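> Here is how the chains run, residue by residue.
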Amino acid sequence: MVHMIAADAAMDGRMSSISDGLIIAMIVAYAIALFLFAVEAAYGRRRTLRANRLMPVAAGSSAGSAQASDTAGSAAVPPTAGEASLDLDAAEGGDDMSVSVRREEPEAKAAQHAVGNVALVVTVLGFLLNAAHITTRGLAADRWPWGNMFEFVVAICLCSVAAFLFAAMRYQARFLGTFVLVPVVLLLGIAVRWLYSEAGPVIPALHSYWIAIHVSAAIIATGGFMVAGAAAAAHLMARRTEIQRAAGQRVAGVAAKLPAAELLDRVSHRFIVLAFPLWTFAIIAGAVWADEAWGRFWGWDPKEVWSFITWVVYAAYLHARATAGWRGTKATWIGLLGFACLMFNFFAVNFVFSGLHSYA
Amino acid sequence: MVSEQSSEAEAATGERGRPADPQPPAPGRLSALGWARWAWRTLTSMRTALILLFLLAVGAIPGSMLPQRGVSTEQVRNYFAENPELAPWLDRFYLFDVYSSPWYASIYLLLFVSLTGCVLPRALAHYRAMRAQPPRTPRNLGRMPYSATFTSSAPPEQVLGGARALLRRHRIRTEADAATGASALSAETGYLRETGNVLFHVALLGLLIALATGSFLGYRGNMLVVEGDGFANTVTSYDSYFPGTVVDQEDLQPFSFTLEEFQASFVEAGQMSGQASSYSADLTYRASPEAPERSHTLEVNHPLSVDGAQVYLLGHGYAPEFRVENAEGETVFDQPVPFINREEGNFASDGVIKVPDAGGKQLGFTGVFLPSAAEGPQGDLVSDFPAPRDPVVTLTGYRGDLGLDTGSQSVYQLHTDDMAELGDSPELRPGDSWKLPDGAGTVTFTGYSDYISMQVNSDPARVPALIAASTAVLGLLATLFVRPRRVWVRARPNEDGRTVVEVAGLGKTENAALTADFHSFATSLRDRLRDGPAVETGTKE
Numbered sequence: 001m002v003h004m005i006a007a008d009a010a011m012d013g014r015m016s017s018i019s020d021g022l023i024i025a026m027i028v029a030y031a032i033a034l035f036l037f038a039v040e041a042a043y044g045r046r047r048t049l050r051a052n053r054l055m056p057v058a059a060g061s062s063a064g065s066a067q068a069s070d071t072a073g074s075a076a077v078p079p080t081a082g083e084a085s086l087d088l089d090a091a092e093g094g095d096d097m098s099v100s101v102r103r104e105e106p107e108a109k110a111a112q113h114a115v116g117n118v119a120l121v122v123t124v125l126g127f128l129l130n131a132a133h134i135t136t137r138g139l140a141a142d143r144w145p146w147g148n149m150f151e152f153v154v155a156i157c158l159c160s161v162a163a164f165l166f167a168a169m170r171y172q173a174r175f176l177g178t179f180v181l182v183p184v185v186l187l188l189g190i191a192v193r194w195l196y197s198e199a200g201p202v203i204p205a206l207h208s209y210w211i212a213i214h215v216s217a218a219i220i221a222t223g224g225f226m227v228a229g230a231a232a233a234a235h236l237m238a239r240r241t242e243i244q245r246a247a248g249q250r251v252a253g254v255a256a257k258l259p260a261a262e263l264l265d266r267v268s269h270r271f272i273v274l275a276f277p278l279w280t281f282a283i284i285a286g287a288v289w290a291d292e293a294w295g296r297f298w299g300w301d302p303k304e305v306w307s308f309i310t311w312v313v314y315a316a317y318l319h320a321r322a323t324a325g326w327r328g329t330k331a332t333w334i335g336l337l338g339f340a341c342l343m344f345n346f347f348a349v350n351f352v353f354s355g356l357h358s359y360a
Numbered sequence: 001m002v003s004e005q006s007s008e009a010e011a012a013t014g015e016r017g018r019p020a021d022p023q024p025p026a027p028g029r030l031s032a033l034g035w036a037r038w039a040w041r042t043l044t045s046m047r048t049a050l051i052l053l054f055l056l057a058v059g060a061i062p063g064s065m066l067p068q069r070g071v072s073t074e075q076v077r078n079y080f081a082e083n084p085e086l087a088p089w090l091d092r093f094y095l096f097d098v099y100s101s102p103w104y105a106s107i108y109l110l111l112f113v114s115l116t117g118c119v120l121p122r123a124l125a126h127y128r129a130m131r132a133q134p135p136r137t138p139r140n141l142g143r144m145p146y147s148a149t150f151t152s153s154a155p156p157e158q159v160l161g162g163a164r165a166l167l168r169r170h171r172i173r174t175e176a177d178a179a180t181g182a183s184a185l186s187a188e189t190g191y192l193r194e195t196g197n198v199l200f201h202v203a204l205l206g207l208l209i210a211l212a213t214g215s216f217l218g219y220r221g222n223m224l225v226v227e228g229d230g231f232a233n234t235v236t237s238y239d240s241y242f243p244g245t246v247v248d249q250e251d252l253q254p255f256s257f258t259l260e261e262f263q264a265s266f267v268e269a270g271q272m273s274g275q276a277s278s279y280s281a282d283l284t285y286r287a288s289p290e291a292p293e294r295s296h297t298l299e300v301n302h303p304l305s306v307d308g309a310q311v312y313l314l315g316h317g318y319a320p321e322f323r324v325e326n327a328e329g330e331t332v333f334d335q336p337v338p339f340i341n342r343e344e345g346n347f348a349s350d351g352v353i354k355v356p357d358a359g360g361k362q363l364g365f366t367g368v369f370l371p372s373a374a375e376g377p378q379g380d381l382v383s384d385f386p387a388p389r390d391p392v393v394t395l396t397g398y399r400g401d402l403g404l405d406t407g408s409q410s411v412y413q414l415h416t417d418d419m420a421e422l423g424d425s426p427e428l429r430p431g432d433s434w435k436l437p438d439g440a441g442t443v444t445f446t447g448y449s450d451y452i453s454m455q456v457n458s459d460p461a462r463v464p465a466l467i468a469a470s471t472a473v474l475g476l477l478a479t480l481f482v483r484p485r486r487v488w489v490r491a492r493p494n495e496d497g498r499t500v501v502e503v504a505g506l507g508k509t510e511n512a513a514l515t516a517d518f519h520s521f522a523t524s525l526r527d528r529l530r531d532g533p534a535v536e537t538g539t540k541e
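Going down the list, the protein sequences come from chains A and B.
Letter by letter, the first sequence follows residues 1 to 360 in the UniProt record's numbering.
Letter by letter, the second sequence follows residues 1 to 541 in the UniProt record's numbering.
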């Protein structure tokens, strides 16, 4: 027989209004950070970045006595390259070793400005507000806080910003700030304007611990793909700048101050490499959940079809990047196509097609 | 080492074997064998694989835009009704069965042939490489992406011994040059990357085989079960039944169950009023007629697993109960009739009552059940809540020939071609009766039960498919994150009695971190030799 539960028994109105206030604060923080990053990108001075996993050792830039090496295209690194942009700290008493690192790419440079540090701090603040918003909303609704489109968007923004902060701290890829925060602020605007829904319970199909596994994996992967997409867009801009420069044209503005196209490509690739296995896992976890909830693990529901398409396109990207003749711009376009599929899957499939994933 | 360098790019992300992939030259006048070889090389080239991957993605799109028979035959039927011109044309291209169509199958089969043709040779080559020794130490280590030189007081054997201890997880080959007294060591690690790559692609093949097996050996069926009723797993018990290609009626597991009780709860007020918050059904079941009876609470994410089959709760609805008396006052019909939800949100539902044995002319009714009757915006009667707050039924009666002899017909459709309309009933609430015109009899709305829509699924490929997919992820992780590399150490005695140690490193991936790794190896080796037993403090440039 049918019985009813009191709708707001599980809900805490106060939590709900705190969480609504936090979202505004978070959008403001991201918007300010975006502005500051844009200032840095436009008015910063190009400086050499420290070498790291993605950025090649910038040889020969040290203050020490660089030894000429006989190998073409290579430069010797002096062991006492203390203040140089090297991670090779041969310094501790290692004056008996001569090291040669072949330089294959130009050193990594990016526009830097003091406001960039402020922007980074404001982004961290926005990130904390974002996390607090999600937490309070989860408490208000008394459930895992991603059960509808609005919550997905907010969580995706959190993960995109997290991925960006990771890139900024680990790879000094702060130069991506503008490119990541533009879609983040846009998405949050869309979420608040069109997707907003009150904190409340979700339909029975979503009552499962799989929501924590499947949806989290998909959201984190989307955050990674977002940063990869931002880097890919920057890569195309930088590539165009390089071509224009090669043709003898003068390039000004943000485009002129971007890091080398090669480096942006590597950042984009790095984040796709991180996100792709997670996306694969999200699809598999979704299949396991579908097997529990809907009676089949794969049923060609529109959402399933489009996550499969997204997967195939990113797989094509990884293959293309390993194939001569496809590396570079062509592969980047494939990566951006993958991102377009991801966004289409997220928005269009929920609104255009009717399927089992239509929770909006 | 030039060859080593040129292959670095392709080994970089190392998804597939064909490195530079020069388009194989088109055969001019070739023998049949030549053609076959050309076709095979074209098919297994990375370019073809990329094109096939894109086709696989593009081909999947129409299936998400058009209704698919595999998902809902009813939506396909509606599409045909709405687009009578276009639909048959689309159907000619299998666009309502995209994922089982010959053209889609040919894409993925070609892709998998291409993949096999690429992975098998690569797996063989990798197997040999893993058993073989690392390549010899090249003469000029200074040309490597990373190289370092230092001198040590330790003799060459001790240098190599120290290097060996530091390169514990590498495969190592040592060489000695008797003429100069130099010894060299080449070490390689990161074989797991290629192993993962092969594993990933083999696992995808396994997944495809598992899916194919499932479609041969599995079956799926849907049915409605009214509260209090039972179900036995036979083909005839299903409303719709989709057997795999080689499934016989006898293959169905002999389980049975009874739906004891069903409960649904809904959000009662607010913006989300009417949204379901939970469904649960209490079942008692037996795995076979002889097996002991057990009970299970069926919920949306909590199916019943019995004897290799899964029983799912998909949704629910209402089955109003009717008693029909004929003109003589005899009860000719008395049972619940499942009504189909018309609107998801409020459970306004439609149903059909067929009374073939009314004594004389047959009776038929179409009805609407509203769990919470309310007046709509146009003054019509609607339901404003999914739970039965004020259940009302309205009926339209027909008398004549139900047409049951002409063949099978849906229990949810009434063929009124050979029937005369009796008119509409007033609003009936539980216990209310409608006296039919012309003394045709009486219909009483006696109450209502819940029913649940269920699905039984038996797919022997579930677990193999999951294992294959999980293996693919493991392979993928190894492919993407293991960084294969080579390290060389050469120790050569100098004229002044010291040993010149050359260290070099080559990464096979484009990872700048490797340079730091190589450097840390070089410094550790130097420090180790310095701290060793034969310490000598003097250092030399």
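Hints listed in this document are in silico derivations from the structure and should not be mistaken for laboratory results.
Bear in mind that the values here come from a model prediction, so they are computed numbers and not experimental data.
Glycine residues also receive a C-beta, built at the ideal position from the N, C-alpha and C atoms.
Watch out, some of these pointers could steer you wrong.
Far from chain A, some chain B residues (derived; all Cβ distances over 12 Å) [stated by the list, open to error]:
(1) R41
(2) A105
(3) S106
(4) L124
(5) R168
(6) H170
(7) A276
(8) E299
(9) H302
(10) D401
(11) S410
(12) D438
(13) D459
(14) L466
(15) F518
Rough simulated footprint, nothing fancy, chain B against chain A, three-plus residues with beta-carbon under 8 Å [as the list claims (entries may be wrong)]:
(16) 270-281
(17) 300-311
(18) 320-326
Here are the computed distance ranges between Cβ atoms for each label pair [to be verified]:
(19) W35(B) / I190(A): 50 to 58 Å
(20) N140(B) / V28(A): 39 to 47 Å
(21) P121(B) / I190(A): 45 to 53 Å
(22) S433(B) / I190(A): 51 to 59 Å
> All hints, please: hold or fail.
Hints versus structure:
no. : hint                          : in the structure
1   : R41                           : holds (15 Å)
2   : A105                          : holds (14 Å)
3   : S106                          : holds (16 Å)
4   : L124                          : holds (20 Å)
5   : R168                          : holds (23 Å)
6   : H170                          : holds (21 Å)
7   : A276                          : violated (6 Å)
8   : E299                          : violated (7 Å)
9   : H302                          : violated (7 Å)
10  : D401                          : holds (38 Å)
11  : S410                          : holds (22 Å)
12  : D438                          : holds (38 Å)
13  : D459                          : violated (7 Å)
14  : L466                          : violated (7 Å)
15  : F518                          : violated (9 Å)
16  : 270-281                       : holds (count 5)
17  : 300-311                       : holds (count 7)
18  : 320-326                       : holds (count 7)
19  : W35(B) / I190(A): 50 to 58 Å  : holds (55 Å)
20  : N140(B) / V28(A): 39 to 47 Å  : violated (60 Å)
21  : P121(B) / I190(A): 45 to 53 Å : holds (49 Å)
22  : S433(B) / I190(A): 51 to 59 Å : holds (55 Å)
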